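Throw the hints in and build the complete structure from the sequences for me.
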Amino acid sequence: MKVRVLTFNVWFEPVHMEVRMEAIGRVVERTRPAVMGFQELTRESLAMLRRQRWAKFYDCSVDVAPPRSDAYFVALFSALPVLQLSTLPFANSGMGRELVAARVELAPGRSLVVGTSHLESMPELSRARVAQLREAMYFLEELVESAKAWAPASCVGAVFMGDTNLMRADLRVMDPTLGRVAGKLEVEHAKSGRAKCRRCDETIPKGEVRVGKIGADTLPNGRHVQLTMWHHQRCFDKVASADERRVVQSFLEQVRAADAKTSPTAATLAAVAAGAAAAAATPGGVDLASLGLPAGWKDLWLTVSGNTDENGYTFDGRENGHVTSRAFRSRLDRVYFYPGAGVREAFAASSQAVLEGIQIVGKEPISATLWPSDHFGLLASFDFDAGDDDATAASSAATPASTPTTPTAGVKHEAQVAGRPAAAKKPKPGSSKETALAIE
Numbered sequence: 001m002k003v004r005v006l007t008f009n010v011w012f013e014p015v016h017m018e019v020r021m022e023a024i025g026r027v028v029e030r031t032r033p034a035v036m037g038f039q040e041l042t043r044e045s046l047a048m049l050r051r052q053r054w055a056k057f058y059d060c061s062v063d064v065a066p067p068r069s070d071a072y073f074v075a076l077f078s079a080l081p082v083l084q085l086s087t088l089p090f091a092n093s094g095m096g097r098e099l100v101a102a103r104v105e106l107a108p109g110r111s112l113v114v115g116t117s118h119l120e121s122m123p124e125l126s127r128a129r130v131a132q133l134r135e136a137m138y139f140l141e142e143l144v145e146s147a148k149a150w151a152p153a154s155c156v157g158a159v160f161m162g163d164t165n166l167m168r169a170d171l172r173v174m175d176p177t178l179g180r181v182a183g184k185l186e187v188e189h190a191k192s193g194r195a196k197c198r199r200c201d202e203t204i205p206k207g208e209v210r211v212g213k214i215g216a217d218t219l220p221n222g223r224h225v226q227l228t229m230w231h232h233q234r235c236f237d238k239v240a241s242a243d244e245r246r247v248v249q250s251f252l253e254q255v256r257a258a259d260a261k262t263s264p265t266a267a268t269l270a271a272v273a274a275g276a277a278a279a280a281a282t283p284g285g286v287d288l289a290s291l292g293l294p295a296g297w298k299d300l301w302l303t304v305s306g307n308t309d310e311n312g313y314t315f316d317g318r319e320n321g322h323v324t325s326r327a328f329r330s331r332l333d334r335v336y337f338y339p340g341a342g343v344r345e346a347f348a349a350s351s352q353a354v355l356e357g358i359q360i361v362g363k364e365p366i367s368a369t370l371w372p373s374d375h376f377g378l379l380a381s382f383d384f385d386a387g388d389d390d391a392t393a394a395s396s397a398a399t400p401a402s403t404p405t406t407p408t409a410g411v412k413h414e415a416q417v418a419g420r421p422a423a424a425k426k427p428k429p430g431s432s433k434e435t436a437l438a439i440e
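Numbering follows the working numbering, with no gaps: position 295 of the sequence shown is 295.
Mixed in with the good hints there might be a few duds.
Once the Cα atoms are required to be at most 30 Å apart in a straight line, the calculated BS3-like pairs of lysine-lysine come out as [unchecked claim]:
| no. | residue 1 | residue 2 |
| --- | --- | --- |
| 1 | 261 | 213 |
| 2 | 213 | 196 |
| 3 | 213 | 238 |
| 4 | 56 | 2 |
| 5 | 184 | 261 |
Just the calculated beta-carbon pair ranges, DEER-fashion [as the list claims (entries may be wrong)]:
| no. | residue 1 | residue 2 | range |
| --- | --- | --- | --- |
| 6 | 22 | 199 | 51 to 57 Å |
| 7 | 370 | 245 | 44 to 50 Å |
| 8 | 319 | 189 | 30 to 36 Å |
| 9 | 64 | 243 | 43 to 49 Å |
| 10 | 321 | 208 | 30 to 36 Å |
| 11 | 64 | 352 | 30 to 36 Å |
| 12 | 51 | 134 | 33 to 39 Å |
| 13 | 108 | 44 | 34 to 40 Å |
| 14 | 201 | 223 | 19 to 25 Å |
| 15 | 30 | 321 | 18 to 24 Å |
| 16 | 370 | 70 | 25 to 31 Å |
Derived by calculation from the structure, the hints in this document are not laboratory data.
None of these values were measured; they are calculated from a predicted model.
Glycine residues also receive a C-beta, built at the ideal position from the N, C-alpha and C atoms.
Listed below in structure tokens is the structure:
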């Protein structure tokens with residue numbers, strides 16, 4: 001079973017809203033997601049989306065679970081049968097934030113849990129949004145592990161997607177040890193050739209890999225500032241701690257893989273091979289895709305070779321004119337996955353056991369000064385047959401799912417409809433409406 005999921009912060013501002021929602025609708029029609037998570041919806045933008053042709057093929061969570069905040073909110077759209085719908089208001093939220101989660105039926109006897117949210121924003125609320133991230137993941141994890149209540153359904157896992165508002169500095173909260181180290185380090189190609197190494201005081205040539213460490217410094221006027229102190233890699237290695245060397249090695253692997261992806265020359269491919277050999281020789285390597293996350297969860301963007309924070313920006317002042325600061329670039333929007341028992345071992349070995357690909361969508365401007373949103377969307381494609389050891393057994397033993405007698409604990413709203421089809425029936429193969437379908 002191949003399934004696509006889409007997350008998109010649609011921007012609550014009324015700026016050319018109808019035109020922007022039509023552009024987002026074209027992304028939906030082109031990518032045909034099975035499940036979508038939208039953030040910053042308003043009553044107006046939701047109505048505009050639901051008037052579009054594709055909307056008749058989807059159930060919307062708002063119909064069953066009214067949003068906690070009416071100013072703007074999140075919602076799930078599903079073209080798959082919804083077996084269970086839950087919402088979880090975050091107790092620590094001062095912005096009315098919540099998780100909306102659904103268990104959807106992939107096929108008779110097989111389900112997937114999907115959740116979306118918009119975590120607390122503002123830099124000073126780092127601890128609050130990290131707590132919300134963990135609360136959401138633990139809640140979704142419980143839904144996966146409680147699949148036995150829907151026997152004999154096999155739950156392939158959970159997807160958590162949305163606008164996390166996470167930034168590099170939040171790693172210090174997510175993981176007080178390695179995360180604190182990673183949050184202060186950067187590895188990249190020197191951009192200008194003007195920066196000097198803080199250790200040897202020699203210029204770092206343009207294009208050479210350099211290592212930066214964020215720290216405090218004092219300017220000639222006596223002012224204390226936080227800045228990035230750049231080093232040659234060789235110079236940094238001489239003064240780095242063991243944890244810093246582990247993190248830098250992981251960042252270097254990302255940079256080299258990204259180089260090979262954009263310019264697959266013999267030199268870049270050799271550098272990737274050399275980096276892999278160095279990583280193998282470094283004990284206790286750092287898995288950046290799972291750093292700071294509850295056990296089992298992975299940040300899917302970072303599981304793909306060549307993907308980094310820097311080539312995964314979904315809120316990008318240089319590429320999107322609706323972002324007020326050109327200097328602000330961040331990977332705010334993310335898709336995470338937690339594997340069910342049937343794919344757990346295969347996913348732990350390689351995310352590609354279930355992940356076919358992940359890509360940024362909605363980057364194309366509508367005009368010279370208008371984009372679909374101030375965020376870009378993120379589309380993840382899965383193949384749950386590829387890594388699911390339980391797929392054959394579940395398929396042969398499948399019977400309609402039964403509603404559990406005990407509702408999910410701690411939820412604000414819950415709708416449980418066993419085997420309920422999506423709001424609109426799927427068109428016959430070959431129909432002109434088939435482009436609106438979401439699964440293959």
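Tested hints:
| no. | hint | in the structure |
| --- | --- | --- |
| 1 | 261 to 213 | holds (26 Å) |
| 2 | 213 to 196 | holds (13 Å) |
| 3 | 213 to 238 | holds (14 Å) |
| 4 | 56 to 2 | holds (21 Å) |
| 5 | 184 to 261 | holds (26 Å) |
| 6 | 22 to 199: 51 to 57 Å | holds (54 Å) |
| 7 | 370 to 245: 44 to 50 Å | holds (46 Å) |
| 8 | 319 to 189: 30 to 36 Å | violated (19 Å) |
| 9 | 64 to 243: 43 to 49 Å | holds (47 Å) |
| 10 | 321 to 208: 30 to 36 Å | holds (32 Å) |
| 11 | 64 to 352: 30 to 36 Å | holds (35 Å) |
| 12 | 51 to 134: 33 to 39 Å | holds (37 Å) |
| 13 | 108 to 44: 34 to 40 Å | holds (38 Å) |
| 14 | 201 to 223: 19 to 25 Å | holds (22 Å) |
| 15 | 30 to 321: 18 to 24 Å | holds (22 Å) |
| 16 | 370 to 70: 25 to 31 Å | holds (26 Å) |
Consistency with the previously given hints fails for number 8 only.
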